[in-house]
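A.B. asks: Starting from the known structure of chain A, fit chain B onto it as the hints suggest.
What follows is each chain in one-letter form.
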Amino acid sequence: MSGPGTTWYLVLAAFLFGIGALGVLIRRNPLIVLLSLELMLNGGNLALIAFSRHFANGTGQIFGLAVMAVAASEVCVGLGLVVAINRKKLALDVDRLSELRG
Amino acid sequence: MTYGAWLCLVAPLAATILILLGGTKLTRRAAAWIATTSVFVAFGGAVWAFLGVHAYQRPHTLTCTSFPDLCPPQRLTTAWTWLASGHFKVGLELFVDPLSTVMMLIVSGVGGLIVLYSIGYMDGDDEERRYFAYIAFFVFSMLMLVEGGNLLMLLIGWGLVGLSSYLLIGFWHERPSAVRAAKKAFVMNAFGDATMALALFVLIAHYHSLSFGVVLGGSGLSQTTANWVALGLLGGAAAKSAQIPLQTWLPDAMEGPTPVSALIHAATMVTAGVYLIARTHLIFEQARTIELIAAGTGALTLLVAGLIALVQTDIKRVIAYSTMSQIGYMFLGAGVGAYSNGMFHLMTHAFFKALLFMTAGLAIHALSGEQDIRKMRGLGKVMPFTKWCFLAGALALVGIPPFSGFFSKDSIVAATAALGTWYGWVFWLCGIAGALLTGLYTFRLWFLVFPGEPSAFVEEHHHRHGRWGEGPWTMLLPVGVLAVLATVGGWLQWSPLWHPFTNWLRYAAPTLAAAEPSSRLEYVTSAATVIAGLVGIAIAWAIYSEKRLAIPQLPAVQRALENKFYFDAAYDRLFYAPASALAVVLRREIEEPVILQGGTDLGQTALDAGGLVRRIQTGLLRTYVFFLAAGAAALVLAFLIAK
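Protein sequences, first through last, are from chains A and B.
Under our numbering, the first residue of the first sequence carries the number 1, and numbering increases by one thereafter.
Under our numbering, the first residue of the second sequence carries the number 103, and numbering increases by one thereafter.
Same shape as in the complex, but just chain B:
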């Protein structure tokens, strides 16, 4: 099974290198197919690893409670020792266990579909080869993140996905807004990387090691240290997963091509924070306060993002805010200790959110790049396939049974109530309110874009693509597959009755006993979230389809929402404005008088000195000889006197 893991990791990297070295010798088509094939090969490797773990897991029913004794379905595979400094050694190693195989399957599986979709979406773009090299590189980095066998490898993957996200957001580099968004994403992510690196330094100081076995299994951390480490890790997770207060980069990241939004900013990279919490849950459990702060962050983010999504007019931004909101759910689940529920939602979310982005991409593609939902009314008439696929994704997102979101979201909300404490119930209420908001913003999008007669804009701009009218098969096939997955993907687990997914993760990230809800609580919560979602849909229907309800006129609230609760403005005031003011002062007081003027002064002094000395250079041989002789004589005299 370790060979599968290595194959999974290396295939996309090989594709990147091949495309980069091939350059213009490869046709655009060839580059696209190399990238796609490599990701599907990676998926094959992931399946191989999965089957390996599966075969191991079945005959062993023994439970192992502590991490360091390697439980049966775990394998650490080391290629070589990569860094060694005294007793501190870091190997180039992969860790294959139930958790990482699940992530490998999601990343390479959904990733493969999205790369296939890109073939159609990016067709005819000027720099297709560069795009496919980047996207294969992203898949490699993400796999490195999830397969990394120690925290340093994880951090390397963490940094590399940040880099490839930056490269892909700014892919259309002739657009200033895309370049700005890329920089913003990179800076925000770098902040998270830094806090995570600090946490790792603390761990090195304590354990002299970064391997999962030592660091996660150890218990020698004092409460304060454990809190700091967990906080550092949480900072990294929040930045990568766009949780408050580090969320502002994600909506702007929609400047990238739509498949990138689907792959990086919905299905895989942004959910890395949840994976990190599940992976290092033993550290977080030593710092339970911080873990609950993570849950609180998730609860807050899911409400705030859901509210902002209500007023967005750009189709991709609505889905981006919805992504933030859903990751809020995952954080909530992982934070209260129901890691497998969080991971399960991660998986179903990868299906339906990638689906939503890709159907949005089909719409954008058909309308020559238009993203404003106010102009799109009646698109369903001309694009029926897109319409039905979007509906499947939307119902999954809202959590209406039997679509996948129902199974994964409800169990998270139920787990929060299982805590039984006051904050548990607050989380529970947030979850229910979030379900209502989800129904509202998702079906606002639906009613504005798809039903009804096509608007004048749609009539004018819509043009048919490919044999089926809605796009080439490379785009339609992944959308269809994901629509099926978004529908049935959740049947894998229905927590009150059967839970193979949780069982699968029971060695890697067992659910805390405190977060195990009773069956009754599960049913009640399920009913409550579904009703909340339906109410949300009904309100959206009344407002946007039937126009029976007017949109409530609350100018102050509206303005706050349209300005995204002033987070960007606050960060401008807090960080950007002081920094640029400081820069202006430094320029005026230091750079101009000292550094710039200093250079000229130095040059002038040298020139002046040269002007003095040049008088000696007469060009007359005799004067030179005279000085020589005089010097020699002076030396002789000096020696004589000294003697």
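Bound-form chain A, shown alone:
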């Protein structure tokens, strides 16, 4: 097998996931939050594909495709929400969207 070993891929995937999670946790702009979410999903995707290659089994790749589809639809909804918030002239700040407070 050529190229770097599976471990490297997994480490990269973990980094991507971690950066994404950190972005979701600390950024306040919903657009950036969505962007970070994409990073997390792609970190997961990378891990799936790495394992797929590691075990020489195509199932992981299929899952990767499924995740991409989910991600695309999720971004659609997310961006739609962002546009709707903007239209209502609300602040684009996730901390101020706290109607769920108990």
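In case anyone wonders, no lab produced these hints; they're calculated from the structure.
Note that the coordinates shown come from a computational prediction; the quantities given were computed from them, not determined experimentally.
All C-beta atoms in this analysis are idealised placements derived from N, C-alpha and C, irrespective of residue type, glycine included.
There's no promise every hint is true.
[Unchecked claim] Anything over 10 Å on all C-beta distances counts as not near chain B; from chain A, calculated:
1) Thr6
2) Ala21
3) Ala56
4) Gln61
5) Ser73
6) Gly80
7) Leu81
[Stated by the list, open to error] Per the computed footprint, the stretches of chain A lying under chain B, defined by three or more beta-carbons under 8 Å from a beta-carbon of chain B, are:
8) 23–31
9) 91–99
[What the hints assert, rightly or not] Facing chain A, from chain B, some residues (calculated, C-beta under 8 Å):
10) Leu178
11) Thr180
12) Leu384
13) Val659
14) Thr720
15) Gly721
16) Arg724
17) Phe728
18) Ala731
C.D. replies: Then chain B, alone, in the frame of chain A:
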């Protein structure tokens, strides 16, 4: 003949359903006529069945002694198997035999006349349609009771007549007293239903069947079991027939409309107990002690009710107590084993007691609902037809020949003496004393209400009804027919000389040999009861008409009688008071602290828990995500450590 029986059963049910479904689309008149027609159709069916049995009976002179080999004049007709559980099967079946056809004829015949009478009596009532639906339903239930082809069908009819009696007693539901009376009747009857159901359970346990053929023909019961079964059946019979100690509901049931009193609480339903004893006489004969207890109950009831009737002032209550007393006679007859005599008295009683109730109804109707006999003096002058019809009923009730009561009552009293034992003679004395009381209370009523100049109250309140002044023809016709029947109905049988009625019932309920009196005994008894009745009438005449005798002043006795021998008070103390005391305690100790408070406590706890948990809901997306991530991380760590 089985088609006749089915027609008889189904016609009133169809009328009920039709009236209920028709609702306000039917006029009141139409509802009334539907009910009346259906009951007369049922009578036609009963005649059909009767002729069928009759045709069967004539050519066969063979006697069959044991029940299970179906004697010629019996037919069991099964529509379908209705309940099946393993080997235990109950069919929807009717039993047509001499006994049930006699009952069918009485129920639908007298019933038809009374429903016809109701058309006039209930005219203008707010809820006429409901009344006619109920009364047709009652006739259906009663026919189900008498035609039922097994003990379960009988019990169903038994329960349904209790229900329709409840509905009709409480028909004027805006009167609290009527509602109370209805509840009382229902509870008392439910007690009887329960004892009867217990008896049936015992029978199922023994025979795995409830069909008449198996249960009545069987002989495998031990003495104790037979006693318990008979006692359970007797409980049902006593409750339905208002015998001591379950009698207190019947006088209160007079709160219902008068035709209901005539139909349910005089002519048909209350006599169901006698029918039950005659129908299950083979069980009662296995438990002879219980059967004699039934006779003793009847003897006691006939005296107690006769005494109470002496002081009642409500015209319907006097007749109600007289009904109890006469059913006491029937129980006496059936209890000593003279079933056909009891049934014969049931039939004549249905005629003359319905007649008495309906003439009382005419009087009440004409006086705008007044029922107090002290205000009615001189009613005969303004209502001659009512007066003479009442007299026919009264003479039949007292048993003066040639009126019907004479023929039926005397043979019962004679049968008790035929036993020849000491209790037989006690019963005989009770019967004679009862005849005296009957003469006294019946003619007290007569002398207080009918003869003489009309009282001021009658003058003021009496108003003429219909073309003949005493009521519409729908009311007068049944009264006239019943007056004729009450007069001649007894000629069917005079036990010393001819007894077609007893012959007719010889397969279904043959008289026990022990209760066959000699002709001499019959004559002596007849003379004694007639003399006792005449003495009663004479005393009533002396006290209430001529005022030669003063009413004996015995305050203690009077009070006891007016309080109906304290039965109601005793039941209040024994059952009602402890139950309500227990209910108060349970409310204070259980319901309020545990159930009511428990609910609030539970709610408060949930609220408190919610108050704690809501702090977590910050509304900040990041905290949610943080918890998610932290949770996922914790899970991963846990897996790693566990591995």
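A.B. asks: All hints are to be evaluated individually against the structure, with a verdict given for each.
C.D. replies: Tested hints:
no.: 1; hint: Thr6; in the structure: holds, 18 Å
no.: 2; hint: Ala21; in the structure: violated, 6 Å
no.: 3; hint: Ala56; in the structure: holds, 25 Å
no.: 4; hint: Gln61; in the structure: holds, 24 Å
no.: 5; hint: Ser73; in the structure: holds, 20 Å
no.: 6; hint: Gly80; in the structure: holds, 17 Å
no.: 7; hint: Leu81; in the structure: holds, 12 Å
no.: 8; hint: 23–31; in the structure: holds (count 3)
no.: 9; hint: 91–99; in the structure: holds (count 5)
no.: 10; hint: Leu178; in the structure: violated, 74 Å
no.: 11; hint: Thr180; in the structure: violated, 68 Å
no.: 12; hint: Leu384; in the structure: violated, 77 Å
no.: 13; hint: Val659; in the structure: violated, 80 Å
no.: 14; hint: Thr720; in the structure: holds, 6 Å
no.: 15; hint: Gly721; in the structure: holds, 3 Å
no.: 16; hint: Arg724; in the structure: holds, 5 Å
no.: 17; hint: Phe728; in the structure: holds, 6 Å
no.: 18; hint: Ala731; in the structure: holds, 6 Å
Going through the hint list in order, the structure does not satisfy hints 2, 10, 11, 12 and 13.
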